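Engineer: Quick mapping for you: the protein sequence lines, in order, are chains A and B.
Numbering of the first sequence is given in our numbering, commencing with residue 1 and proceeding in unit increments.
Numbering of the second sequence is given in our numbering, commencing with residue 1 and proceeding in unit increments.
Everything labelled a hint here was simulated from the structure, so no lab data went into it.
Remember, predicted model here, so these are calculated numbers, not experimental data.
Be aware that one or more of the hints could be misleading.
Claimed, not checked - Each pair of labels, with its calculated beta carbon distance range:
1) A:Gly29 - B:Arg188: 43 to 51 Å
2) B:Gly12 - A:Pro121: 25 to 33 Å
3) A:Ala191 - B:Ser127: 32 to 40 Å
As the list claims (entries may be wrong) - With a straight-line cut-off of 30 Å between C-alpha atoms, the simulated DSSO-like cross-links for lysine-lysine are:
4) A:Lys140 - B:Lys100
5) B:Lys59 - A:Lys140
6) A:Lys140 - A:Lys272
7) A:Lys440 - A:Lys371
Cβ atoms here follow ideal geometry from the backbone N, Cα and C, with glycine treated the same way.
Here is how the chains run, residue by residue.
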Amino acid sequence: MREFALDGESSRDLDAPASVASSLPLDGGLSWANGGRAKARRRIWLDTFDWRLYRAGLTLEQAACNGRTELLLTGRDGDLLAREVLAADREPRWPCLVSELPAGPLRELVEPVTGIRALSPVVRATSKVMQLRALNDDAKTVATLDVDRMSVTFPARAAAPARLTLTPVRGYAGVTERISFAITGVPGISAARGPALETALAVVGLRAGHLPGKATEVQLSPAMPAAVALATVLRALLDALEANVPGTIRDIDTEFLHDLRIAVRRTRSAIKLCGRALPDGLASDFKAEFRWLGDLTTPTRDLDVYLLSYPLMTAGLAAASPADLSPFHDYLVRSRTAQYRRLAAGLRSARLGELTTRWRTALEGVRQARKRPTVAQLAAGRIGAAQRKALQAGRLISAASPPESLHELRKRCKELRYLVEMFGSLYDPAQRRQAVRELKALQDCLGVFQDAEVQRTEIRAFARQLLAERSVPAETLLAMGEIAAGLAVAQREARHEFDSRFADFASPASQARLTGLTTTTGLTRTAGA
Amino acid sequence: MKVFATYNIKGGVGKTATAVNLGYLAARDGYRVLLWDLDPQGAASYLFRIKPRVKGGGKALIRGTRSIDSAIKGTDFGGLDLLPADFTYRNLDLLLDSAKRPAERLAALLAPLEADYDAVFLDCPPSISLLSESVLHAADLLLVPLIPTTLSVRTLDQLTEFVGGFNGHRPDVLAFFSMVDRRKRLHREIATDLPAERPDFAATLIPALSVIEQMSVQRAPVTAFSPRSQAARQYGRLWQEARERAGLTG
């Protein structure tokens, strides 16, 4: 299959089979024939909010034509990988999780890529598709040519230039190459770069794969005034925060809330660690409000974590049966629904609107700032301090340390990582990735430990609550006990693993990589904030 | 994948017309269909406007030096592919004779296509030979067009007896009357009585109609260029019987 893009003028020329035939001359005994009446096609391109399919080189489209609706999955080169015809009463209601799609090869290919993220429409369009057939001297069809005139209807309205798709009939690839060569020789026509999805997005001014507010994509230069750079990073985080609010309110998938929380946490860390680099008092006014927002999201997220790990929990039961846990699952779902309502109300509130508006206005006001410290100086100072604090906190941990000490270290490690990522564009990408990778290995271990700690505490509280309600049988409480025991084992293993993980992190080589990150910018390290 | 073979020792009884029309109808029903034109005369290839030529000829296919997959051509009808005839197919008997397990060779050649096709139609040349034997071993359902005469019925009995002697896989046999001329009393009597008496006869019969002969002018299946004609309706009924008999689901 070959695809061609047309410029605006050529698009206008190809409005009828006869005009296509005269605009795209063929030779060598080949000729064009009308392939029948033009067809209307409704198209919806689908992807996760963070473009997992696009980034994996996949394009998923729902196409409806002549009363038949199908899902089409294509690869990087435009080849069809899987097709799923949808029964009239089984068309998915977008957005939806991949697990809700009909079972089959298409779902099997998509599911590992999208994971727990839902598929949502990224572009909707209507097309008028005219088909021509290329005939050889025996009047045999050797290839078909679709002339697709598309109008985008969502997220904005715009007409796209026409696009041609040349499809060889099996066994006639050679002659189709000749036709392809003839088409590209026509002025105003060129081989299409990228899928039709990219064309559709481009005409409404969007770009596939773009994710608002990705911290490592914020471009800073070392000599930028620290305040201006910090405001730029915080604006990107605000973009990410705002981008995830609608998906959280609509409860499209659990990752919207997760990413919203990350944006809030990074903002709070940036304010705490570097806020003094901003003009006087600017950040301190917002500390309490971002804390409110973080706290608002915690109960729902905790329950999401429980529900996401529920299949794994039930799979690990040794004595109890998964059915014993069903009342607990129902309780988690009920609790989650109640917490989600509170969360959604908070996110819809004027308080959040006021916070984000005021915060953006404040950040946009940071344009003129003192030249010193520069962002490189600020970053070096803050990363150095965070590195020392993490090392210090880790070295104080002994076998007798309470779980809170490990949690404190986890928080220090998170702060260090956020700083490295926030100022990431200042550093060599390979060095930065390596430093983050080493830090992440320690964080993961601490994460397992702390999550188990929280879940063990919570499951006791859930059990007390269920007992008080007298709503569950004894088998459920016994099964919950088994889950609590499993969590205790996981926590003990993580604690055991901690010593070697921390030793890796604290090793001279690993520390030198972190230190080297900030010193290779060639700027003097100062306590910038 | 179900393998249908249109077979008769006699020529000019409607084997190719049956393979072409049933293949088209199967594809129209949404099945992925391959028609292999095994007749060196290449009538099916001609009807689909495809040159009766295979690189390396029948020798390359039978010996496996060229994959069947690479010789397949798409027809003008969605879901229907054709493996063209080649003049060297006239020597397929000799080629099979020199192959290992010749009677099972065709089935072995078709096995790799299992994932690509739901139905394969083998359009056989009129003969009784090693090729015919290999076809009979590969087929799930033998479609046997017969002109309604006493001798034709005797030939069918001989074929059924021959197939009944196979060890292991035996194709089911579905005979049907073809080129039935209602003006002839013998045609009318045989075509009415036998299908009612014998389970190996289809209830559907294909009349002798000029629109079927038009296929060679139109170079397309009658079911495609004249879908409302009596001929197309009869082929439609025959396809339903054959599909059910072969147990082709979906």
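Engineer: For each hint, tell me whether it holds in the structure or not.
Structural biologist: Okay, the hints, checked on the actual structure:
1. About 49 Å separates the C-beta atoms of Gly29 of chain A and Arg188 of chain B, a value consistent with the hinted range of 43 to 51 Å.
2. As the Cβ distance of Gly12 of chain B to Pro121 of chain A is approximately 59 Å, the hint placing it in 25 to 33 Å is violated.
3. Taken as a hint, the range 32 to 40 Å is violated for the pair Ala191 of chain A and Ser127 of chain B, whose Cβ atoms sit roughly 51 Å apart.
4. The straight-line distance between the Cα atoms of Lys140 of chain A and Lys100 of chain B is roughly 38 Å, outside the 30 Å bound, and the hint therefore fails.
5. Between Lys59 of chain B and Lys140 of chain A, the direct Cα distance comes to roughly 27 Å. Compliance with the 30 Å bound is thereby established for this hinted pair.
6. Of the pairs offered as hints, the one joining Lys140 of chain A and Lys272 of chain A is violated, with about 73 Å between alpha carbons and a cut-off of 30 Å exceeded.
7. Proposed proximity of Lys440 of chain A and Lys371 of chain A is contradicted: the alpha carbons are some 34 Å apart, above 30 Å.
The structure does not agree with the numbered hints 2, 3, 4, 6 and 7 stated previously, though it agrees with the rest.
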